[in-house]
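Spelled out, the chains give:
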Amino acid sequence: MESISERLPDGFNVAAYFLESNLTTGNSQRVALFYQEDTYTYSQLNHFVQQAARSLLDFRLERENRIAILLPDTPEFVFAFWGAIWIGAVPVPINTACSVDEVQYILQDSRAKLLLTTQNWQTKLDPIQSQFLQHTLLRDGDKPFLSLLAQQPNNTLSYTETSRDEPAFWLYTSGSTGKPKGVIHLHQSMVVCAENYAKATLGLRKDDITYSVAKIPFAYGLGNTLYMPMAVGAATVLSDAMNAFDIIADIQRYKPTVFFGIPSIYANLLAVQDIAPIDHASLRLWVSAAEQLPESLWRKWREVYNQEICEGIGTTEFLHIFLSNRLGACKPGTSGYPVPGYEIQVVDEEGHPCAPGEIGDLVVSGESLMMGYWNRLREMRQALYGTTMRTGDKYLCDAEGYFKFMGRRDDLFKVNGQWVSPLEIEDILHQHPQVLEVAVVPESHQGEQITQVVAYISLKSGQEPSSELEMSICQFAKQRLSHFKAPKTVHFVDHLPRTPTGKIHRKSIGMIKREDSVATRRN
Amino acid sequence: MSDVYANELTSMNTLKAILVDLGIPGELLHPDTLLHQDLRLDSTEIVEVSLGLKRRLGISMKLEGRQDLTLVQVCDQVEAALLASRSKQV
Chain P
34 MESISERLPD GFNVAAYFLE SNLTTGNSQR VALFYQEDTY TYSQLNHFVQ QAARSLLDFR
94 LERENRIAIL LPDTPEFVFA FWGAIWIGAV PVPINTACSV DEVQYILQDS RAKLLLTTQN
154 WQTKLDPIQS QFLQHTLLRD GDKPFLSLLA QQPNNTLSYT ETSRDEPAFW LYTSGSTGKP
214 KGVIHLHQSM VVCAENYAKA TLGLRKDDIT YSVAKIPFAY GLGNTLYMPM AVGAATVLSD
274 AMNAFDIIAD IQRYKPTVFF GIPSIYANLL AVQDIAPIDH ASLRLWVSAA EQLPESLWRK
334 WREVYNQEIC EGIGTTEFLH IFLSNRLGAC KPGTSGYPVP GYEIQVVDEE GHPCAPGEIG
394 DLVVSGESLM MGYWNRLREM RQALYGTTMR TGDKYLCDAE GYFKFMGRRD DLFKVNGQWV
454 SPLEIEDILH QHPQVLEVAV VPESHQGEQI TQVVAYISLK SGQEPSSELE MSICQFAKQR
514 LSHFKAPKTV HFVDHLPRTP TGKIHRKSIG MIKREDSVAT RRN
Chain B
63 MSDVYANELT SMNTLKAILV DLGIPGELLH PDTLLHQDLR LDSTEIVEVS LGLKRRLGIS
123 MKLEGRQDLT LVQVCDQVEA ALLASRSKQV
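Just so you know, the sequences run in chain order P and B.
Note that the first sequence covers residues 34 to 556 in this note's numbering.
Note that the second sequence covers residues 63 to 152 in this note's numbering.
By construction, these hints were calculated from the structure, which means they are not laboratory data.
Be a bit skeptical, because a hint or two may be false.
To be clear about the criterion: a stretch of chain B counts as covered by chain P if any three or more of its residues have a C-beta under 8 angstroms from a C-beta of chain P, and this derived list gives those stretches [to be verified]:
#1 76 to 87
#2 116 to 124
#3 138 to 144
Each computed BS3-like pair below joins lysine-lysine, with the alpha-carbon atoms no more than 30 angstroms apart [to be verified]:
#4 Lys150/B to Lys447/P
#5 Lys364/P to Lys493/P
#6 Lys521/P to Lys124/B
#7 Lys116/B to Lys288/P
#8 Lys427/P to Lys124/B
#9 Lys521/P to Lys150/B
#10 Lys157/P to Lys239/P
Predicted model only: the values in this text are computed from it and were never measured.
Glycine included, every Cβ here is placed at the ideal spot set by N, Cα and C.
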């Protein structure tokens, strides 16, 4: 397999690579970013990135220092991200949907020296606990970040001669213990994904306009919005959409050609088709990732819009998608087959390849694999060997070479494209005054429906199951958790299955006999 | 009771019933309660509200999320949609 990273020079700065390649190939005046009423050409983008780089230097951000970016998808995010990399610093995007505690943890864990955020977030975080943070820059307020950029001189700023093998940026991903893990990626990583997936798999091209439901701090969103369009001179939409209706309005307004969605959004778009039909004339490609797309949803989409959804799967550790369906050769209910540049196998407990149709562990090799987790040596060594990683997913590969998701090795699962730990939800439900024991599991009816959170609960002595009690438990959860994590359904059971050591045996919960449970379904 | 007042009451009660069905405690629901800031409704729940209004009142409402809405503002939109659908019938 030809190495992409070895084709890159040893001295390599990925911000300069993407920006300069557009300026030298005649894309200067092409639109790079759409944001609300504004557009930015590649020439303007290059200018603002260098102005951002100068501003960050003014605040003594040095090579290898981290800068946390806690912003919605906005031009300031893009300028700061590339500006930091331009000077050899390391941006750490943070999802604005994180809780205050999670953001405090990431600021501390990453030891970020600068934070770029909003006034609203600054207020919520006050006081910031990290002793490493020296300055907070704001997108809004008296001294907005763009005004700092406008004060900078206009002459060219040379980029820092970094190495293709040194850290370029970090992304945080959910950990099985509940604390997010910092995933370190190199200057070469984005080029590998752009070549393998954007160009060789999707056929992304200069006249495309991409639109991503996933925001930039997610690995999927980072590729869809930030570097894959740049790799081919295409444009992207920086969207502030909050729900399916906003997305439909955005499609009408910006006329994107490639839509990067997630299963729950496809389900929502179909649910409101009578209320707000999509004007999809501009779209040539629909992509889904982040969690398994139910086959029924794929078929419904094709029936309504006469277009296929190209489903794929990737991980934050590999930065983007490594298994993908292809337009015209989609097999609904599967993640497709390997993207060029990746070797993917399903193996048994001993690491031997499984026969077709046999369920095993997914192991992936590829050049975009992270450098490692920050300060998580044990977890890193368990997951990695060479350029190979056990993703923690259970898969099978069918006789035609298509890979099908069959579950997880651990207890984590995805809802709305985001990792969920059942422990977090169980901890909350345990606080309900009538709950004795609880186990939370995902249910998708054999992959036929969007994954939902379901709680199996046994009650304290003297308590009786009822629909009122179920409502009370669901409300209790919603008041204390992000709503997508709150159980949609509660099954009351006499007792929960346990392992010989007394732990709740979550994997066998699905086998609880119906007559053992008092099930009440809401909505 | 005037028709206008009765309609407003119906809209508000319907909206509250939909939100309670979504698992939002009834005591949190006041006319000036904001859907995002106060109730933290996510994208799927907003769709559920819109579908609930269509199911119960027969109106098609695009509840766009960039501008946070209070319950009474949603009811105003419901009223306008109901009025529009009635005038179409006439």
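Verification of the hints:
| no. | hint | in the structure |
| --- | --- | --- |
| 1 | 76 to 87 | holds (count 5) |
| 2 | 116 to 124 | holds (count 4) |
| 3 | 138 to 144 | violated (count 0) |
| 4 | Lys150/B to Lys447/P | violated (44 angstroms) |
| 5 | Lys364/P to Lys493/P | violated (47 angstroms) |
| 6 | Lys521/P to Lys124/B | holds (24 angstroms) |
| 7 | Lys116/B to Lys288/P | holds (28 angstroms) |
| 8 | Lys427/P to Lys124/B | violated (39 angstroms) |
| 9 | Lys521/P to Lys150/B | violated (38 angstroms) |
| 10 | Lys157/P to Lys239/P | violated (41 angstroms) |
Against the hints set out earlier in the document, violations occur for numbers 3, 4, 5, 8, 9, 10.
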